[in-house]
Each structure stands twice: as C-alpha cells, then as structure tokens.
Amino acid sequence: MAQTANILGPARNRVDGRAKVTGAAKYSVEFTPPKCAYAWPVESNIAKGKIAAVDAKEAQAAPGVLAIISHLNAPKPKEPAAKKERNSGHGIRNEERLPFGDDEVHYAGQYVALVVAQTIEQARYAAGLVRVTFTPEEPLLTMKAAEDKAKKPETNHDEHVQLKKGDVDATLTDSGLTKIEQTYITPTETHNPIEMSGTIAAWDGDKLTLWDATQFVKGVQSIVSRAWNLPTENVRVICPFVGGAFGCKGAVWPHVLAASMAAKAAGVPVKFHVRRQDMFTSTGHRTPTEQTIALAATRDGKLRAMRHVTNTLTSTVGEFTESCGARSTGVMYDSPAIRVEETVFPVNVSTPTFMRAPGECPGTYALECAMDELAVALKMDPVQLRLANHADNHPIKNVPFSAKHLRECYQVGAEKFGWAKRNAQPRSMRDGGLLVGWGMATKTYPAHKMNAAAKVILRADGSATVQCATHDLGTGAYTAFTQISSEQLGIPFEKVTFELGKSDFPFGPVAGGSNSTATVGTALHEVAGLLHNALAQLAVKDSKSPLYNEKADDITMVEPGRIGLKNAHAKSDSYIDILRRAGRDSIEVQSELKEPEENKKQSFQSFGADFVEVKIDPLLPRVQVTRVVSVINCGRVVTFKPARNQIIGGVNMGIGMALMEATEYDPQTGLPVIRNLADYHVVTNADAPVIDVTFVGEPDFAFNPIGCRGIGEIGITGAAAAVANAVYHATGKRVRDLPITPDKLLDIA
Amino acid sequence: MNPFSYTRAVDPQQATSVIGSNASAKILAGGTNLIDLMKMGVERPTQLVDINRLPLTQIEELPNGGGVRIGGLARNSDVAEHPLIVQRYPVLSQALLAGASPQLRNLATTGGNLLQRTRCYYFYDPAFPQCNKRQPGSGCGALNGFNRIHAILGQSEQCIATNPSDMNVALAALDAVVQVQGAKGARSIPIGDFHRLPGDTPNIDTNLQADELITAVDLPAIPFATRSHYLKIRDRASYAFALVSVAAVLDLQNGKINGARIALGGVAHKPWRAQKAEAALQGQTADEKTFRAAAEAELAAAKGYKHNSFKIELAKRAIVRALSTAAAMA
Amino acid sequence: MPVRLKINGKDISADVDTRTTLLDLLRERLQLTGSKKGCDHGQCGACTVLVNGRRINSCLSLAVVHDGEEITTIEGLANGEQLHPMQAAFVEHDGFQCGYCTPGQICSAVACVKEGHAKSDDEIREWMSGNLCRCGAYPNIVDAIKDAVAKNA
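Chains as they are written, first to last, in this note's numbering: chain A, 1 to 749; chain Y, 1 to 330; chain V, 1 to 153.
Hint data in this document are derived by calculation from the structure and do not stem from the laboratory.
Beta carbons: idealized from backbone N, C-alpha and C, even for Gly.
There may be inaccurate statements among the hints.
As the list claims (entries may be wrong) - Mimicking PhoX-like on lysine-lysine, the simulated pairs with C-alpha atoms at most 20 Å apart in a straight line are:
#: 1; chain 1: A; residue 1: Lys35; chain 2: A; residue 2: Lys50
#: 2; chain 1: Y; residue 1: Lys306; chain 2: A; residue 2: Lys144
#: 3; chain 1: Y; residue 1: Lys184; chain 2: A; residue 2: Lys744
#: 4; chain 1: A; residue 1: Lys165; chain 2: A; residue 2: Lys152
#: 5; chain 1: A; residue 1: Lys179; chain 2: A; residue 2: Lys733
#: 6; chain 1: A; residue 1: Lys76; chain 2: A; residue 2: Lys264
#: 7; chain 1: A; residue 1: Lys541; chain 2: A; residue 2: Lys571
#: 8; chain 1: Y; residue 1: Lys26; chain 2: A; residue 2: Lys744
#: 9; chain 1: A; residue 1: Lys502; chain 2: A; residue 2: Lys544
What the hints assert, rightly or not - Derived Cβ-Cβ restraints for the label pairs, each shown as a range:
#: 10; chain 1: V; residue 1: Lys114; chain 2: Y; residue 2: Met329; range: 58 to 64 Å
#: 11; chain 1: Y; residue 1: Arg187; chain 2: A; residue 2: Gly732; range: 52 to 58 Å
#: 12; chain 1: A; residue 1: Gly732; chain 2: Y; residue 2: Glu288; range: 56 to 62 Å
#: 13; chain 1: A; residue 1: Gly205; chain 2: V; residue 2: Gly53; range: 48 to 54 Å
#: 14; chain 1: A; residue 1: Arg299; chain 2: V; residue 2: Ala150; range: 54 to 60 Å
#: 15; chain 1: A; residue 1: Ala145; chain 2: Y; residue 2: Met329; range: 50 to 56 Å
#: 16; chain 1: V; residue 1: Glu70; chain 2: A; residue 2: Gly205; range: 42 to 48 Å
#: 17; chain 1: Y; residue 1: Lys184; chain 2: V; residue 2: Lys114; range: 40 to 46 Å
#: 18; chain 1: V; residue 1: Gly53; chain 2: A; residue 2: Lys207; range: 46 to 52 Å
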C-alpha cells in the first residue's frame, strides 16, 4: 500500500478490541442496577392534534406494573434554557419540547405515555393495554403543504447558510457559457446504528445516575441537571462504549428525560431501551432534500457561476437546517459567482438532526452529480473538470486552505483505479452481459475544533491514566487518544490507559462534526505540557536531580520518559526518578477548558476523491458496486487501522444512500411505513465492495498540534455522487432522486 | 405480547387437539414469524403449542419413485442443502437460500414458512388503523398509502398484500402437496389450494383449518425439475424480501417446450402460478421471444398502484430471464 | 416456568416468563450482555448465538423452547485468556468499529466456517449477510474470516 509515510500513525490494533470481541465491552443499557425496572412507550398514531384521554386503568392493574406516566401525571422537569444549548457545553436538543409536557401531538410516533414494569415482558404487554384517544387535526406533511410556513434561516450553528458572491443570475444568462441546471432529491434517511438508543436512570435522593448511549455525556449532564434544577455534578452520565451513532446520539432526545421521569415516578431505576421502530421517530433522521443546482462554465471548463438552492423539512418542535449548499458549493470550487439558498419547511414529522456529514453529504451528492453533468455537457473528463476549478482559497472566505492536497487525491485515485482506461461514452463498457460504469466525485468535510480538557495521573511505576469526557463511537477514539497521550506525555503506549465516557472526567465536547481527535488531541497536548512542568517543578527543587536549581520554564520533554533543558537535552531527569525521589506514588495534572483560538487567516478543510465501479444487468437493473478507490487528505492519521475503517464505513454508508436507503411515510397518518431493519435497507456484507483507501498530504499543524483534521464524516461525502455518476456512465440514464433502486432503471434496457 | 401458556407437544395428535379445542392457541415451530408478530401485537395467542421436538424433520424419498417428502419441521437450511433437494429440485434449494438469513433459515421450518404472513407495513404495524387482514372491516391502508411492495395480481379492493415467502414460490412451481393432520384425521392439500387470494376475507391467508397441523410437504417426482431456476429481484444483494421472484421449471425436448411450470413471488397474496404463461409456452420453441410472449400473457391482467406499477414490467423480465436460464442449463 | 440450559458449558436453571426470549434471558437475567439487541425482530443478527452448534437469532426464540439445549454465546468462545481464532482475527483485521454487532458477527462467522460456507470471498459475503454492520466494516470482516479459515487449515 503506497501511503505517505509522515502522515500515518502506527497500524495498531484497537486497545478496546479485546473487550469488543469477547462481549466484555459494556454498552449503556447493559449496566443493570439492582431493582431496575423496564419502560415501554405508548405513541401517537396521528401526526397532529390533541390527546383527548388516557385510560391506563387496565394497564395499571396488569402484573408487574409500577408506574404509568403521561402528560396527566408525569413528574415535571422544567424546560432547560434552550437558547444556550447551541454548540456549547450546554448540550444539544433538537426536539425542543419536554416529553409528556402537554396534550399536544406534533408528529406521529410521539411518546404519549410510558409504562414501567418489573420486566420487559410485563412492560411491553401493559403498554398495549393503555388506551389513548386523540382529537386529530389536519397535519402538514409535505413541503407543498407547509409552503406558507417556510423559513430562510440566516445561520445554522453560527455558520452562514445563505451565501452570495458575484452576480450569479446575470452570469447564468450569458449565452456564451455552457450551462446545466438540475434538481436532485434525497429521501429521509435514518441513522440506524445497530445499538439502539437507551437510557438507564437511577435516582438516589437528589442525585441521578444516567447510563446513556450518547455522543455527549457532558451535554446530557448539563441538560438533565438543569431540567431537574440540580447542581450539575448531581447528575452523572456514564457511557464507556457507544454502539454506533452517526449523529442520532448527539442530542438529548425525549427518552433520556422520560427515563428520569419514569424512575422518579416508579421509585426504582428504569431502563428505557428505545425500540428499533422508534429510532425512526424519536432520535432524529436526515431530513429529505430537494436541491436545484445551476452551473455555468466556459468552454474550457472554468466555472463562472454556481447556484445551489435547497429545500428541506424540519419539524414544528425544533429547528434543524441541513445546510447542503453552504457545505458543498460554498467550499468546493473556484468560481467568481456563487449563490446558496436554504429554505426550511416545518412539518408534522419528528425532528431531523445531524446525520453523518449533515449538509456535506446530500450537498456533495447533488453538487458532484451536477459537476458530472457539466463534464458531459462540456465533453470533458470529470477529473479534468474538477482540476480546472480547483480552489486554492476558500471560495467564500477567500483565505487559503491549509495543507490542501486535493490534486494529489485525484491523481493517486485515478492511477490506482485505472481511470485512464475509461471510455467516456455511456454504455460503452461491459463485462459479459453486464453494463459497467465508472464514476468519481470529490469529497469534502470541514475541520472542526471545539474545546476540551484532560487529566493525567502519572504513577511512579511509569504508567499513566488519562481521562477526558469524550467518546468512542467506533471511531477508534480509545486507541487514537492512547496513541496521542503516549506521544505527548512521553510514556510507552502499553503503559497508557485512556478513559472516556464519564461526565466525572474533564470536559469533552460532543463527538460529532469529526472534531474529537483535533479537540481532545489538543487538550492532551496541553495537559502533557502541564505534566512536564509539574515534574520540572519537583526536579528543580530536588538537589539530587540533574535539573536542580534550573528554571522550570526552561525545561521540556526531551525524549520519552525524560524532561530536560530545552537548550541542553543532555541535562535531563526521568519521570520515574523524579517521582521516586520526591516520595510520590503519583502526580496528577488537569488542563483548563479554554475556547479554541480561531485562525481566520487560513481555512481548514479536508478533501478527498472517490472512484467507483458499478455493474448492472440491463434487464434486471439492481446496481452492484464492485470496487471503490478512496483517497483522503485529512492531515495526520493518528492510528491507521481505525482511520481506514472509518473511510470504508463512510463509503459503504454512501453506497447505501445511493442505492437503497429511504424512510418513507404514510401519506395519511404521517407515520413512517419504513421503520424496521427489514424494510430500511442498509448495505449488507453482500453489497459491500472492496474499498481501497489511501491517505495523502501532510499533517496540518496550522490547525492543531496533532496535525489531524478528523475522519469520521468525510468518508460518506461524495460517495453517493460517485455511485450515481457511475450508474449514469454504465447506463446513460441520470437518476436524480435517490435511492437508485431497480425500478428507476427499468427503462435502460 | 400478551401472556400465554406454553405446552410442549408430545405428538402431533396432542398438538392438533390443543389447537382444535382452543381457538386462540397457536402452533410454535421456528417462531421467526410468529414471535415477531406477537412482539408487534399482531398475533395474540393465549396458548402456544411447541412442536419443535416432534419427529417431523425428515427429508426422504417417497416409495416407488414417488418424489420426496419434507417433514413439516425440517428447517429451511436443512432442506436447502439436502442432496435430494439440491439434485432433484434445485429451484427449491435456490429459493430457500434466497430467503432470509442463515440464522433465520436455521430456525424457520417448512410448515412455518408455508404460513408466513405478509410483510405489508399496514398489517405488520398496529399503529396503522387500517388493515382488513389484521382487523376485518377497518379498510386497506396500503391502497392509498405507500404500496411499493404490494400486489399486482389477484388482489382485491380489500387487500393488496403479498405473500413474502420464497420457498412457497418454488413449491407452487413444483406442484407440492401439503400434508396436514387435523383432529379428525389427515388430508392432502395441493399447494395451489393451500394459500388463498384475499377476496373479501383477507384475514384468512390459507385453507388450513383451525385444528390442522402441517406434517409434511410432498414433492412429486418431476424428472425435468432438474432444469429449474429461482430468480429473485430485490433492493439489495442479500437479506431482503423479493420485489419480484420467479420459480421456473422447464421440460425441454429438442429445443421445444414440452411443459413448463412457473410461479411468481412478490406479486400476489399467494404464490402465483403462472398458468397463462405456461399455456403460452406449451409446444413452443424455447427462445426469448416465446418467453416474452408468455410473460406478456401472464401479466396482461396485472394492475399496479401508485408505487408498484414497475413490478409489472419487472415480473415480465424476470420470467424471461428465469426461463432463459433454465433453458440454457445443460 | 423453569428452564435448564447449558450456557457456555455451565448448567443454568432459571424460572422464566413464557414470553422471555433467549436474548432477554441472556442479557437481562443472566447478565450475559455480550449478545446484543439491535432490532429485537430478527432483522440485524446482533443477537446471533449458537444453539447446539447452529447459529440462530436469539431475539426470535423463546427461552422455554431451549430447555435442555446447549447455548454458546460470545462469552463462551475464548479459551480462558486465549481468544478464539475468529476473535483474534477480528481484532487483527479491525473487523468492527463500534463493536455492537461484533459478538453476533463472530458467532455467525464461527458457524459460517463450520458449515463450510467460507470457501470464497463472495460466499463469505452472502453467508454473512444476516449480520448487519452499520459501521460498514464488511471488507475487514471478510478479511478476518478468511484469515481465521487459513490459520485453522
């Protein structure tokens, strides 16, 4: 494998691998405290209206039932101040409404009552005995129906989503330019990590412990403690492993507070393991998008104007914007005129949320398909078209991208894939009776950095424990942070234990936006400096130390396990000797939480390219992806195996998006008809191709001292477009509404 | 899931007498469909009669060259890989292996698969108020709802659900005979009479009586069934229900079709025996043109809905492909 | 209702609700939480365990049905500290990310090999398709299984 040596960390096995393959890894709902009871929900099957009556008599009398809560009797937490919750340590909510708060029904599948019983079997049965009657009202379920209520948000998470540069409309009327304009549609997609969300709530007086499947233990702690008006530390949140998330465990969804309410009502700990069907209605989804893109270019392929207009849905109880245009067209190519518009339509469907690369993922699908269409119109190679429009500077901010190596991605990818052998003519390539298509697309995801703190306990035996309230969603965080801790602290990998997933630990932000490695890595860099300084403080006062009477500020780590003078490395002392002579078993330091400095002189963004081959039987046209080459420029890769796996997983999810994933709704009740894993098709092993992953570029030290830009999300971006473009190349048919299921290709025969 | 009593049957007679005397008792075999439906609250038996340990797992030749008998409890995985099935009825082996997953096939039984209920969203999820199959008289939610997976043949205004089984399609093409035992004795039900069309009583899937237990499925001796093929078209490569499937068995003599047996899956409330197509093939030359004409004849009566009209053309092509594949076999 | 099972070689007696699935018995009563609940409807394979050596979905099987039978879960595969070759191969090939489908994948893979359905990449892919991995680590899962097969050979 030709990898660029200086960006790749070691190909270590995961430190938590053994726990995961032996079943020892405990996920949140697997910590069953004594007397733990089980919750089972009752839901609305109307999309809008009021709860007329809740008859829980029969259910209450059923065996094992401990409590039944609804808006009529639920213990009432208060609304945690919502305004402060955006993008900060205060936690995230997308559905901005307390469960069982009132008699209003805002979407089908809304929890309207919760039964608590001693066993799962009893709770499930009794929930079926609760009779809830509704007074339905006419719901708004489509963009068309919600037209009057449409909004054009200026920002999404403090980032501008309506962009304007140059005169797009005038350029688009220039008859000398080659133009395309098309609308691309993506359906509702649902995260569906294999671990369903879930919370165990256990009260002990005014202290609450939550074992919660979450991407943000500190956020859950903040929201829940404020809701119950408790000191923050009275709420403990524990989550050592997350069974996949992809965004749906970032916000605090109704089941979290509901579990704490039910535990209060029942007087025992309560486990609320969200059902798979409720993962489609109560933990968010990717909103459907309608994106219209217009591109105008000169004959030699130079973009002169780009317009990206997006319509998406949100709910009536929370605002979420999937900013497709800003996060794709707004960052990708060098064009003198760019316009991005976003319109959001509130409907009576549960609240959408961020799903792996929110904005970038559907945005790059549409943009990169549009670029493919432009390449066809120009009779230009799709790779050449992209090279011709390569942006050295951020197209809107007009500052240079840091450590950008996208050209190399195209070049390495094309070479590995054999792109030069592509016949540009659609339907020209075959494998026996199968049509063969080759497509490509650019990938991109911004580098995000938030704030975090960390604690180190260094022991006299040379081992260390490092703690941060961060998370491992399967991303390899345990391994990456063990690696970074080892490097930064100067302690052998095997002697570092990295702990995460507890709100008791120093602050870690939401594990979302591919920010964790950069953010926590920076905190680890800082805490390592503090540790070295603390050791120096001991050494300079120790007459037996070679560093005696030196200035602590002149001292730094000079090699693993030793601190010494910055300008005379030979004068040094070992951590172990310093501690032993000081009679210390251990030393403990913790970094402070501080806002990250924003570098406005550069733009930090990862890029990549996917090259995809599909094969299609023209008569029975199910698309099979047969191979993928993915080349990624994301700064430094801390640990190779999990990083490569992230790209493989992202591409596979992109293949699912392109070919099979869609949550469809019943037009009458507003309930999803697709709400289980038999009907919601994710990629199976038999659908997954061989995926060749290469990382190129250089560490991005301008971004952070670790040099990494994050890796969780870029994998999915562009992938669906590369598949769709390959389908076009194979068949000559451009399908512009995902997923590309066999029925949409019947006319290619 | 409502509480139920559990009885382990000691012999088939006992099992049939329990279900014959308690209308809300159900037979439990592999459970892959029944337990699922009980969790959903669709099936609500008060008693389960576990037949898993009854000696009904045989796969054996019938006497005097009479074909093969498959026990009602033979697991789908065992049937699929049994030499008698692989060699003599490849279409059945292929159909079974196209269904579900290895784990589910290890549990699922022949009898249970015959009784598999529809995957119609409106049936499976009681949150939907309308389903004539689940609650007679409530209406059909699929008719004006999302109906991509629904029927195009033999449906009624009361129900447009499909039978989701792969195995049943192959059994239909093979003229299987379902052996059942009731409180009053045993009888044989030809596969074509086993499943029902929805008509005005979509709540009744099959002609199995309340006291009857499936003890075996007999496959008649069909020497030319070695020339057979099962084709399944779905949205992903594996572990998905059929959009459309075809079981095709061809009797070819010198390039002429001496007989053909074709059944379709995913298109109707029962495995759909394509008799019109079969008639159109009789005595014809085995080529694509003939196959297409036969497919057209079969699907002439098909009716699609908002989301499933594509199945009509897809079914035609699937018939052509399945027949072509069978015809090309050595 | 009383049931007696041999789980990972140990005799277990329990009094269970007839409605209790094998999966819920393992996870909620016996604290054998290695077997995972990913859908509770036989649609993901995370609950895969071996019953009398055959892989099944434990979420769709009642505990009472298995009275007297031998169950092997992920907790029973390793030989003390020595990982089962399939477990070791999954670690080596990074055949997982979040790890939640992993116990089911590994139990399924062990059975897949034993059934003789791991003779080629395509065969492994098809015969492992009853175990969804939403993280999409499939290529690594295939590599792990191939490696385990090779090392046993």
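Take a look at whether the Cβ-Cβ distance between Arg299 (chain A) and Ala150 (chain V) falls inside 54 to 60 Å. 55 Å Cβ-Cβ, so the 54 to 60 Å window holds.
Between the beta carbons of Gly53 (chain V) and Lys207 (chain A), is the distance compatible with 46 to 52 Å? About 47 Å separates the Cβ atoms of Gly53 (chain V) and Lys207 (chain A), which means 46 to 52 Å holds.
Hint says 42 to 48 Å; check whether the CB-CB distance for Glu70 (chain V) and Gly205 (chain A) agrees. holds, 46 Å
Taking only the CA atoms, is the gap from Lys26 (chain Y) to Lys744 (chain A) under or equal to 20 Å? violated, 42 Å
Does 40 to 46 Å hold as the CB distance between Lys184 (chain Y) and Lys114 (chain V), or does it fail? Check passed, 44 Å falls within 40 to 46 Å.
Given the hint that Lys179 (chain A) pairs with Lys733 (chain A), test it: the Cα-Cα distance must not exceed 20 Å. holds, 19 Å
Lying within 52 to 58 Å: is that true of the beta-carbon distance Arg187 (chain Y) to Gly732 (chain A)? Distance hint for Arg187 (chain Y), Gly732 (chain A) holds at roughly 56 Å.
Agreement of Lys184 (chain Y) and Lys744 (chain A) with the hint, judged by alpha carbon distance not exceeding 20 Å: violated, 52 Å
Mind checking the hinted window 50 to 56 Å against the Cβ distance between Ala145 (chain A) and Met329 (chain Y)? With Cβ atoms ~54 Å apart, the hint holds.
Given the hinted pair Lys306 (chain Y) and Lys144 (chain A), is their alpha-carbon gap at most 20 Å? Measuring from Cα to Cα gives roughly 19 Å; hence the hint holds.
Distance restraint hint 56 to 62 Å, applied to the beta-carbon atoms of Gly732 (chain A) and Glu288 (chain Y): violated, 23 Å
Pair hint Lys541 (chain A) and Lys571 (chain A), alpha-carbon separation not exceeding 20 Å: holds, 15 Å
Comparing the model with each numbered hint stated earlier shows that hints 1, 3, 8, 9, 10, 12 do not hold.
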